[in-house]
Amino acid sequence: MNDTRTLLADTCTRLFTAEVTPALIEAAEKGVWPAALWQILEENGLTLPQIPESRGGAGGAWGDAHVVLAACGRFAVPLPVAETMIGAWLLSESGLNVPLGPLTVAPVRPAEKLALAREGAGWRLSGTAVRVPWGASAGHVVVLAEGDGKPMVALVKGGTAKAEPDVNLAQEARDTLEWTGAPVLSAAAAGAGLPTGALMLAGAMARSAQMAGGLESLLSQSVKYVAERVQFGRPLASFQAIQHQLALLAGHTAAAGIAAQKGFAAMDAGDAGFEIACAKIRTGEASGLGAGIAHQCHGAIGFTYEHTLHFVTRRLWSWRAEFGAEAYWAAALGREVAARGADALWPYLTSR
Amino acid sequence: MATFNFELGELPPEAQKVREEIRDFLARTLGGTSATKRALSWGGFDREFSRKLGEAGFIGMTWPKKYGGHERSALERYVVLEETLAAGAPTSAHWVADRQSGPLLLRFGTEEQRRRFLPRIAKGELAFAIGMSEPDSGSDLASIRTRAERVEGGYRVNGTKIWTSNAHISDYAIALFRTKVVPDKKHEGLSQFLVDLKSEGIGIRPIIDLAGGHHFNEVHFQNVFVPDDMLVGKDGDGWKQVTTELAFERSGPERYLSSVQLVIELIREAGAEPGERAAVVIGRLTAHMATLRQMSLSVAGMLQAGQNPNLEAAVVKDVGTSFEQEIPEVVHALLGIEPRLGSGSQFERVFGYLVEHAPSFSLRGGTREVLRGIIARGLGLR
Ligand SMILES: Cc1cc2nc3c(=O)[nH]c(=O)nc-3n(C[C@H](O)[C@H](O)[C@H](O)COP(=O)(O)OP(=O)(O)OC[C@H]3O[C@@H](n4cnc5c(N)ncnc54)[C@H](O)[C@@H]3O)c2cc1C
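Same order as they appear, the protein sequences are chains A and B.
So in this note's numbering the end of the first sequence lands on 341, straight run, no missing numbers.
So in this note's numbering the end of the second sequence lands on 1836, straight run, no missing numbers.
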């Protein structure tokens, strides 16, 4: 990591250690919007790290966003930080201004379509999107929609859709939004710099960093717990069965970490479809295995609401399914690899 | 708590250039080799191939020129390793020497030993075996009993090494012997030696593996004289040195690529438009392989930066061997084919070969349990 990113990581760790308390996450789970935390994030430039300064961002790269999102995963930050970064990216790449405050994005399912219809000089939005992160509470929604037969990016105000609230396992809002001719604040043809499937791709990339961060938290919580908990007259850490389970968790955590990092690096290099698919598959799989190991090492206490382990494990279980689960990305990747042919596998891998 | 320091590695332009060169070399030397042959991976032993590889400058790549090396970077060497593995080249006539015996001599050997052995290793002329395990000492390597007793001008060795791969076709071994018995301190009194495998008193008995193959051996030492100038490093420093040697052994990309030919043949079998299940399997294996490659590249980057990535190498080997062992399992689950060595299909033969050999992947070079112990120590659990 370069110096600015180390600094950024330290800032995140410092702020989140102080602010993202179990009480705050619990309140968020009950539907309380952590407004003060959002403000701190925004003031510290953590919500738009990779957006040009001319559009109100910090002027960094996706590699910087990676640092922030991994930290958000590590601390289970209950806010649409990833969604804000992605929404702002869609806007700024399409030449649109980025509003202040939390953003979300839609649609987050590959099969869903939203439509823009011209009205006078502007546009109106129609369609239904399910499981939109913080769909009902984000200040604005950035949508990818079809207008005049072309892919477009549009910005609408929060509250312009009929919302049906729902949550994921971690009690993060995942709402169904239904727009019927809602007014659009701004819209433009999707920027030429945006890859096809930009929203799914960026969403999968972001979740992979959050999952990798979550796994780091599971590893450190588990290592700490087994050193403290005594059974049979000695710390659990001294039992080989426990040591080996945590060594396995460490392996999956390391693999998830580098897979996610590679996705962001490829995004900065401008061609990331392959790396993001790999990252979402690898981090998703590590999440399932890692959550299992962490819970096993914690015993019953880790299965209580009082303990903090579940703040991370419930997120991992949900995140691995969001923006395309492993099966979705593996099928797409597998078809691509097969189409290129058996003898192209190795040359292709080494060209990335 | 220790964290694992996997940073993304970037290959410099000169490494990309080496990739073209080694690919060109491999295409010329191996063109037409069957998938079944390639599946042997670093199990194949072919002195002719090793000599050509050495002649082309691909062995001892990072060593000083005065010892026959080529003063290339660890990353250039990494590219050559991964390309030869991916191509399924028969590398074992030089692999051990290039990977661990040579580097060990470079680190601990005398000037005379370096001048005598390194240039010939770099030429691909010398095959080395690893003399560590004994009948009663596997994972507990420090418990070895083969004795090297001080005599006039050198040492006299008695005892037995086992599982010594290619001892019957190699020139030398680097072996760990007990030069002093220190009661209750098994890590002390160990020393490493260069052993000429044609020395008087050495008896090499083949051990046939479960597949009927002969690569490893039992090596008996009966009053074998090893002269003073064949002691490697310091008498009594054997444990520290052998730990370094094992780190060299574990740091390469061979720990996740053993089953790569099966992945390639699976893709061929599935065709250009695979069904959903096959596509998911292929995509998943690809994601794992690409990730392991990044981890392995990261370790190469740490070596290049002069760091000591022992812990990270153990992580890559643990994750990597689990992956390469899982591949035949995944193929079975997908297709339910029978593993057959006599099949007319290359795919089924490669599958058969890997089903039989996969159990060894997490044994050789330190078992899974030993590696997890190392990782657990790195986590501060022991
Ligand atoms: C194909 C192949 C090639 C080899 N080539 C060489 C070679 O060239 N030179 C050489 O010196 N050796 C070689 N070996 C030997 C290899 O290093 C040993 O097999 C390995 O160190 C394990 O020793 P072992 O087989 O005696 O098993 P053991 O040590 O008896 O172990 C058996 C099982 O018990 C587990 N175990 C042992 N101790 C513990 C513990 N404390 N806690 C938990 N589990 C434990 C092991 O992990 C393993 O699963 C080779 C092995 C193979 C399979």
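Just so you know, the hints here were simulated from the structure itself, not pulled from any lab data.
If you're wondering where the values come from, they're calculated on a predicted model, not measured in any experiment.
Glycine included, C-beta positions come from ideal geometry on N, C-alpha and C.
Among the clues, some could well be false.
[As the list claims (entries may be wrong)] Rough simulated footprint, nothing fancy, chain A against chain B, three-plus residues with beta-carbon under 8 Å:
1. 1549 to 1556
2. 1582 to 1593
3. 1681 to 1690
4. 1711 to 1718
5. 1744 to 1758
6. 1806 to 1814
These are the hints, each one checked on the structure:
1. 1549 to 1556: Three-residue rule not met by the segment 1549 to 1556 of chain B, so violated; n is 0.
2. 1582 to 1593: That given contact is violated, which follows from only 0 residues of the segment 1582 to 1593 of chain B lying within Cβ reach (below 8 Å) of chain A.
3. 1681 to 1690: violated (count 0)
4. 1711 to 1718: Since three or more residues must qualify, the claim that chain A covers the segment 1711 to 1718 of chain B holds, with 3 doing so at under 8 Å.
5. 1744 to 1758: The restraint on the segment 1744 to 1758 of chain B holds, since 7 of its residues have a Cβ under 8 Å from chain A and three suffice.
6. 1806 to 1814: Result for this restraint: violated, n = 0.
When each numbered hint is compared with the structure, violations occur for hints 1, 2, 3 and 6.
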